[in-house]
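Peer 1: Protein chains in written order, with this note's numbering: chain A, 1 to 707; chain B, 1 to 107.
Quick caveat, the hints were computed from the structure, so don't treat them as lab data.
Worth double-checking, as some hints may not be accurate.
[Said to hold, decoys possible] Computed, partial: chain B to chain A, Cβ under 7 angstroms:
| no. | residue |
| --- | --- |
| 1 | His60 |
| 2 | Thr64 |
| 3 | Leu105 |
[Claimed, not checked] Reference listing, derived: stretches of chain B covered by chain A, where coverage requires no fewer than 3 residues with Cβ under 8 angstroms from a Cβ of chain A:
| no. | region |
| --- | --- |
| 4 | 22-36 |
| 5 | 91-103 |
Virtual Cβ for every residue (Gly too), placed ideally from N, Cα, C.
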Amino acid sequence: MSIELIKLIPWIPLLGAALCGVCCMKPAWRKAAGPISALSIFIPFLITCGVYSAASGLTGAEKVQTVYSWIGVGGFQVNMGYFVDRLTMVMLFVVTGIGSLIATYAMGYMKGERGYARFFMGVSLFIFAMTTLVMADNLVLLYLGWEGVGLCSYLLIGYYYEKPEAVAAAKKAFIVNRIGDLGFALGIFLTYKTYGSVSLAEVTTEAAKRLTEGFDPTAADLWIPFLLMLGAFGKSAQIPLYVWLPDAMAGPTPVSALVHAATMVTAGVYMIARLIPVFQLSPAALPTVATIGGVTALLSGTIALCQYDLKKVFAYSTVSQLGYMFLGVGALSTFGGVFHLFTHAFFKALLFLTAGSVMHALAGQLDLRAMSGLRHKMPVTCWLMFVGCLALAGFPLTAGFFSKDTILAAAMTQGTGPHGSTLFLFLALMGLFTAFLTAFYTFRLWFRVFMGPEHFEMGDEHHGDDHGDAHGHGHDDHGHSGGHAHEPHEMPWWPMNAPLAALAIGAVLAGLVFGGWMERSIEGSTAKPVAVAHVESHAAAAPAYQIITVENAAEGHGTEAGAEHAAADSHDDEHHREHTIHIVMMFVSSIIALVGIALAAYFHWLNRPLTDKIATKFAAVVEVLYNKYYVDEFYDMVIVKPLRGFGHLFYLFDQFIINGLVMTVGHIPRLAGWVVRPTQSGKMQGYGLGMVLGVAVVALLVFRWAF
Amino acid sequence: MPLTTMDSLTLSHFLLTGAVLFCLGLIGFITRRNLIIMFLCTEMMFQGVAVSLVAFSRYHLNDTGQTFVIFVLTIAAAEAALALGLVVLLFRRKRTLDALAWSQLQG
Numbered sequence: 001m002s003i004e005l006i007k008l009i010p011w012i013p014l015l016g017a018a019l020c021g022v023c024c025m026k027p028a029w030r031k032a033a034g035p036i037s038a039l040s041i042f043i044p045f046l047i048t049c050g051v052y053s054a055a056s057g058l059t060g061a062e063k064v065q066t067v068y069s070w071i072g073v074g075g076f077q078v079n080m081g082y083f084v085d086r087l088t089m090v091m092l093f094v095v096t097g098i099g100s101l102i103a104t105y106a107m108g109y110m111k112g113e114r115g116y117a118r119f120f121m122g123v124s125l126f127i128f129a130m131t132t133l134v135m136a137d138n139l140v141l142l143y144l145g146w147e148g149v150g151l152c153s154y155l156l157i158g159y160y161y162e163k164p165e166a167v168a169a170a171k172k173a174f175i176v177n178r179i180g181d182l183g184f185a186l187g188i189f190l191t192y193k194t195y196g197s198v199s200l201a202e203v204t205t206e207a208a209k210r211l212t213e214g215f216d217p218t219a220a221d222l223w224i225p226f227l228l229m230l231g232a233f234g235k236s237a238q239i240p241l242y243v244w245l246p247d248a249m250a251g252p253t254p255v256s257a258l259v260h261a262a263t264m265v266t267a268g269v270y271m272i273a274r275l276i277p278v279f280q281l282s283p284a285a286l287p288t289v290a291t292i293g294g295v296t297a298l299l300s301g302t303i304a305l306c307q308y309d310l311k312k313v314f315a316y317s318t319v320s321q322l323g324y325m326f327l328g329v330g331a332l333s334t335f336g337g338v339f340h341l342f343t344h345a346f347f348k349a350l351l352f353l354t355a356g357s358v359m360h361a362l363a364g365q366l367d368l369r370a371m372s373g374l375r376h377k378m379p380v381t382c383w384l385m386f387v388g389c390l391a392l393a394g395f396p397l398t399a400g401f402f403s404k405d406t407i408l409a410a411a412m413t414q415g416t417g418p419h420g421s422t423l424f425l426f427l428a429l430m431g432l433f434t435a436f437l438t439a440f441y442t443f444r445l446w447f448r449v450f451m452g453p454e455h456f457e458m459g460d461e462h463h464g465d466d467h468g469d470a471h472g473h474g475h476d477d478h479g480h481s482g483g484h485a486h487e488p489h490e491m492p493w494w495p496m497n498a499p500l501a502a503l504a505i506g507a508v509l510a511g512l513v514f515g516g517w518m519e520r521s522i523e524g525s526t527a528k529p530v531a532v533a534h535v536e537s538h539a540a541a542a543p544a545y546q547i548i549t550v551e552n553a554a555e556g557h558g559t560e561a562g563a564e565h566a567a568a569d570s571h572d573d574e575h576h577r578e579h580t581i582h583i584v585m586m587f588v589s590s591i592i593a594l595v596g597i598a599l600a601a602y603f604h605w606l607n608r609p610l611t612d613k614i615a616t617k618f619a620a621v622v623e624v625l626y627n628k629y630y631v632d633e634f635y636d637m638v639i640v641k642p643l644r645g646f647g648h649l650f651y652l653f654d655q656f657i658i659n660g661l662v663m664t665v666g667h668i669p670r671l672a673g674w675v676v677r678p679t680q681s682g683k684m685q686g687y688g689l690g691m692v693l694g695v696a697v698v699a700l701l702v703f704r705w706a707f
Numbered sequence: 001m002p003l004t005t006m007d008s009l010t011l012s013h014f015l016l017t018g019a020v021l022f023c024l025g026l027i028g029f030i031t032r033r034n035l036i037i038m039f040l041c042t043e044m045m046f047q048g049v050a051v052s053l054v055a056f057s058r059y060h061l062n063d064t065g066q067t068f069v070i071f072v073l074t075i076a077a078a079e080a081a082l083a084l085g086l087v088v089l090l091f092r093r094k095r096t097l098d099a100l101a102w103s104q105l106q107g
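Pulled out of the complex, with its shape left as it was, chain A reads as follows (with noise of 0.2 angstroms):
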């Protein structure tokens, strides 16, 4: 297929979404727009996979794909033009492919909803925004793509309007994100200056470039780095900003599996595994981003412990599995980081989703007390949830298990060995106690909704009753009788089963089966870390080695054939030692995830009255953890109650000063008018008698001057 189609991906979906917005119009037109935006997913899925053997084949400068000339002021050109390379390539995979599976869901779930149409608007106007982001050729337009999934976001988990903790969730993410987007906007704004261009090619090319040739790096380039950190932090929901994400999941499941765990919150991996160059420039930056990565996948690992909603734990969990990426990007394995996203995409959207289902069969239930033992009620949501749950918990030979392991084996690959950093060994051993969390909060999740006692409340949700469409849906599809009495049941495979059995054996297969593929993709995109002469790049990479670099280059100054030798040698020892760690890494975590399973069975299966007494013993800890560490109350008390207090002062301000100012302006016409206003009586006699008047005054003085 020609590679010319590579540029009708995001506009289908920007087509769909207008043909979605024209069935929001009349009722009767509602239905159709759930097809027409799976279609305009999965079309752009196809050309995917059409092209992808004569995308992975361009180079250089054709890997530019220019649509049209979008911004040309003087010497600063902007195209809507999209870079192809491998790595897009590996993002068009998952946002087009997870985003068809995922729409075929909603067609099901989202059945007999009032704003079934406007849904599906969303849905296609977010293909389109996310594809722009993934697919730019330069910064400006991954802004615009940036943007637009925020905006997006914000209208999908609105989506419920009526609710009022769904616009307050709404209204979080959309300002949350603002803090990190004026960080993403200024880091754009000092690249330009810095590099003066906004072409990621360029980009990319010339801080490699910089970076190869031992550039002493300025101020901007050790700014950049931490600006562009920012706006990742926000759209990739880590410490400080990933409060927004758990509130997010207002919005109807499959916007929760699709926007908030598949595509969106993975752009910030994407974009610092796009300029991983620019990221090395600064020492200081990519330890940082595993610092925060490691902090945020342990501390959100803890909350969802001890949360009882459903989606709440996968939404701490979401947070953790991308505080996962971010240490295996910082870590310098981008590819690290994108095959955890490309897994994690997978079995989270998987998880989302068959979480979406045990609320549609209990109308909305969510809460983990409140069900018990549904594995006879709905047999194959349950085991499609348990591999999900067995690809996140890392279980040897899932998807979640390889990714996963090449992230703790970056981080202690940089932890050990000659120039070993004590941080990432910490952060290592962090991610290992990490995902003995994971599998256990994750099972904790399994177990107590299918194991144990069958036992289940309802929702208050009854979605057969309140709309007409709905009722339908229910009769036919499971022939249950009446309105009344409803009992959870099995979804139908299709629409909404049938994706799931397809993202169960992604969940299951993408691990062992791309990982290869995806370690090629990365090593032929910008995503590959600039190899510097070997401890030059340590340096590059954390500043806790640059003494050891100034040791190492002293004995390197002697010899120099020697010193090019124990490169050599070194670097063999390194491959090695690389190898070793992985092995090593794999066994542990893969003992690790079991032992969390094995836990998670016991207690919250087998032993479940135990487990309420240690629950009761530790009740402080339980709350602490339940209350998310009181993070909310606590931006609340410091940041939002302060700002409201500024608000109020500003309004003051503009009610007394600014506004008493132009008032007063504005009384002095009424004032006049007011003094001349009684002359004008509406009579016609007395502006007779006025007209009169004046002309015999005025013959009176001109008798008088002319005489």
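Model the placement of chain B on the given structure of chain A, informed by the hints.
Peer 2: Frame of chain A; chain B shown alone:
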């Protein structure tokens, strides 16, 4: 006889007649509230001015003034038709000819 009578009439007599007509019209306009009467009063003021113009024209032996009066009368006739039409419309609206009924524009 008539000629001598005519001879004894000077310019001032005609101007005085015009002024009297004008002032009567003016007073009528200011004191009366009936729209039609007020309209008739304005017509009277018109005629006062016209008499003055004709008198000046005759006095200076210049035909311009009289020509001008012919024109004014023509246009005044048209204007009278229009004004009466308006008065009829106003009457239909309020069922009264009182000019005070139309004083909404007071400040």
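Peer 1: Tell me the numbers of any earlier hints that the structure contravenes, in ascending order.
Peer 2: 1, 2
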